[in-house]
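Could you build the full structure based on these sequences and the hints that come with them?
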Amino acid sequence: MIRRWLPYPLLSAALFAGWLMLTGDLSAGHLLLAAVLGAAIPRISAPFLEHLPRVRSPSAALRLLLRVTWDIVIANVAVSRLVLGPTGRLAPVFLHVPLALSNPQSTALFASIITMTPGTVSAVIDTENRELLVHALDCRDPDALIAEIKERYEKPLLEIFGC
Amino acid sequence: MMNTATALEWLVALMLLVGSFFTLVGAIGLVRLPDFFMRLHAPTKATTLGVGGMLLASIAYSVNHGVSLHELLITLFLFVTAPVSASLLAKAALRLRLKSRAPLPEDPASGH
Amino acid sequence: MLNLAINIAFCAIGLAMLLCLVRLVRGPDAADRILALDTLYINAIALLIVLGIRMASAVYFEAALLIALMGFVATVALARYLERGNIME
Numbered sequence: 004m005i006r007r008w009l010p011y012p013l014l015s016a017a018l019f020a021g022w023l024m025l026t027g028d029l030s031a032g033h034l035l036l037a038a039v040l041g042a043a044i045p046r047i048s049a050p051f052l053e054h055l056p057r058v059r060s061p062s063a064a065l066r067l068l069l070r071v072t073w074d075i076v077i078a079n080v081a082v083s084r085l086v087l088g089p090t091g092r093l094a095p096v097f098l099h100v101p102l103a104l105s106n107p108q109s110t111a112l113f114a115s116i117i118t119m120t121p122g123t124v125s126a127v128i129d130t131e132n133r134e135l136l137v138h139a140l141d142c143r144d145p146d147a148l149i150a151e152i153k154e155r156y157e158k159p160l161l162e163i164f165g166c
Numbered sequence: 006m007m008n009t010a011t012a013l014e015w016l017v018a019l020m021l022l023v024g025s026f027f028t029l030v031g032a033i034g035l036v037r038l039p040d041f042f043m044r045l046h047a048p049t050k051a052t053t054l055g056v057g058g059m060l061l062a063s064i065a066y067s068v069n070h071g072v073s074l075h076e077l078l079i080t081l082f083l084f085v086t087a088p089v090s091a092s093l094l095a096k097a098a099l100r101l102r103l104k105s106r107a108p109l110p111e112d113p114a115s116g117h
Numbered sequence: 000m001l002n003l004a005i006n007i008a009f010c011a012i013g014l015a016m017l018l019c020l021v022r023l024v025r026g027p028d029a030a031d032r033i034l035a036l037d038t039l040y041i042n043a044i045a046l047l048i049v050l051g052i053r054m055a056s057a058v059y060f061e062a063a064l065l066i067a068l069m070g071f072v073a074t075v076a077l078a079r080y081l082e083r084g085n086i087m088e
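Chains as they are written, first to last, in our numbering: chain A, 4 to 166; chain B, 6 to 117; chain C, 0 to 88.
None of these hints come from the bench; they were simulated from the model.
We treat Cβ as the ideally placed atom computed from N, Cα and C, and that holds for glycine.
One or more of the hints may lead you astray.
Unchecked claim - Here are the simulated distance ranges between beta carbons:
| no. | chain 1 | residue 1 | chain 2 | residue 2 | range |
| --- | --- | --- | --- | --- | --- |
| 1 | B | 109 | C | 25 | 19 to 27 Å |
| 2 | B | 69 | A | 155 | 36 to 44 Å |
| 3 | B | 109 | A | 12 | 41 to 49 Å |
| 4 | A | 20 | B | 39 | 41 to 49 Å |
| 5 | A | 88 | C | 58 | 22 to 30 Å |
As the list claims (entries may be wrong) - Short, incomplete list of chain B residues facing chain C, as computed with Cβ under 10 Å:
| no. | residue |
| --- | --- |
| 6 | 35 |
| 7 | 56 |
| 8 | 68 |
As the list claims (entries may be wrong) - Computed far set for chain B versus chain C, every beta-carbon distance over 10 Å:
| no. | residue |
| --- | --- |
| 9 | 8 |
| 10 | 59 |
| 11 | 90 |
| 12 | 98 |
| 13 | 106 |
| 14 | 107 |
Structure below.
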């Protein structure tokens with residue numbers, strides 16, 4: 004029943020909260036409008052959301068969110084030191100990160116996480132060769148960095164979405 | 006009551022300083038780093054901790070002053086869009102084969 | 000205390016925007032200039048958030064939200080143009 008009326012409950016909740024944040028108004032009218040938008044938009048756009056992966060493990064998602072937030076802080080400090088220090092010594096490198104994820108949305112999330120944790124920017128999602136092209140700002144041991152990225156972010160994503 | 010208000014004010018000030026520091030570091034990186042792909046790292050930093058710090062300051066401030074949660078929306082938007090624009094710029098630079106200290110990969114057009 | 004921090008933030012962001020302008024003028028490639036513009040609009044958003052705290056007003060957030068939307072679309076359009084030589088296919 005719930006699946007029928009709210010095929011994507013998380014998306015609906017996000018739309019509901021997003022509308023209320025945008026208007027900054029908790030009156031009955033806006034609550035109703037937010038509820039209508041949250042219910043209607045996922046239903047109308049369902050044909051485009053066919054391959055949207057479902058969250059299987061909310062606890063793993065929460066853990067990944069905390070880990071990424073923490074990593075952003077730590078890595079920012081480390082990269083600030085690199086940027087302010089002598090730049091001649093930096094050893095940038097392009098990494099080819101092989102993908103275990105297959106779903107386009109979870110792959111895009113993986114690539115975004117890599118970009119948002121400073122020190123690495125994902126450049127190209129290569130769906131043919133199933134790999135990410137990642138530029139690292141300063142990396143002495145590419146294989147170790149690839150293994151670390153896969154272990155820290157891809158494994159939790161596999162656990163959350165399963166694909 | 007006075008104490009929590011003062012503590013909050015300190016928190017706002019601290020977050021502002023953290024945010025502006027990282028914003029500045031991002032811009033310094035943009036000028037100092039030697040090639041385009043290395044410079045690409047600078048805006049990602051400015052968005053993450055720079056605007057993130059401002060956001061926390063703004064939220065801590067609004068606890069006392071009742072301002073809306075718009076900043077959260079803006080920051081979420083930036084977090085979603087920054088990787089997309091970084092990736093598009095990197096793709097364009099790979100296609101143009103810009104000068105890079107890191108050896109460029111063999112087939113730059115492999116994204117499509 | 001808060002006023003001092005706000006002033007320091009204004010100075011830091013202003014300096015950051017000047018540095019973005021340096022990169023915008025120096026280039027050397029179009030991609031560098033787009034990147035400078037991208038960083039510039041993000042700094043403008045940070046500036047507006049601080050201004051919102053300073054003025055205790057929500058008006059600036061509307062402006063910041065608009066800049067975020069426009070800036071992103073502009074960066075995407077410019078980057079695609081650079082990559083393919085056209086925007087629409």
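Now for the hints, and whether the structure bears them out:
Here the CB-CB span from residue 109 of chain B to residue 25 of chain C is close to 22 Å, well matched to the stated 19 to 27 Å. For residue 69 of chain B and residue 155 of chain A, the hinted distance range of 36 to 44 Å is satisfied, since their beta carbons lie about 37 Å from each other. Between residue 109 of chain B and residue 12 of chain A the beta carbon distance is about 44 Å. The supplied range of 41 to 49 Å therefore holds. About 43 Å separates the C-beta atoms of residue 20 of chain A and residue 39 of chain B, a value consistent with the hinted range of 41 to 49 Å.
Our hint of 22 to 30 Å for residue 88 of chain A and residue 58 of chain C is violated, since their Cβ atoms are close to 41 Å apart. For residue 35 of chain B, the interface hint holds, the least distance from its beta-carbon to any beta-carbon of chain C being 5 Å, beneath 10 Å. Taking 10 Å as the C-beta contact cut-off toward chain C, the hint placing residue 56 of chain B at the interface holds, the least distance being around 5 Å. Taking 10 Å as the C-beta cut-off, the interface hint given for residue 68 of chain B is violated, the closest approach to chain C being about 12 Å.
The beta carbon of residue 8 of chain B is kept farther than 10 Å from every beta carbon of chain C, the shortest such distance being approximately 14 Å. Residue placement check: residue 59 of chain B does not keep its beta carbon more than 10 Å from all beta carbons of chain C (closest about 4 Å). Chain C draws residue 90 of chain B into its interface by the beta-carbon criterion, the shortest separation being 4 Å against a cut-off of 10 Å. The claim that residue 98 of chain B is not at the interface with chain C is violated, since a C-beta of that chain comes within 10 Å of its own (minimum 5 Å).
Listed as a non-interface residue, residue 106 of chain B keeps its Cβ farther than 10 Å from every Cβ of chain C; the least gap is roughly 15 Å. The non-interface label for residue 107 of chain B is consistent with chain C: the shortest C-beta to C-beta separation is roughly 15 Å, beyond 10 Å.
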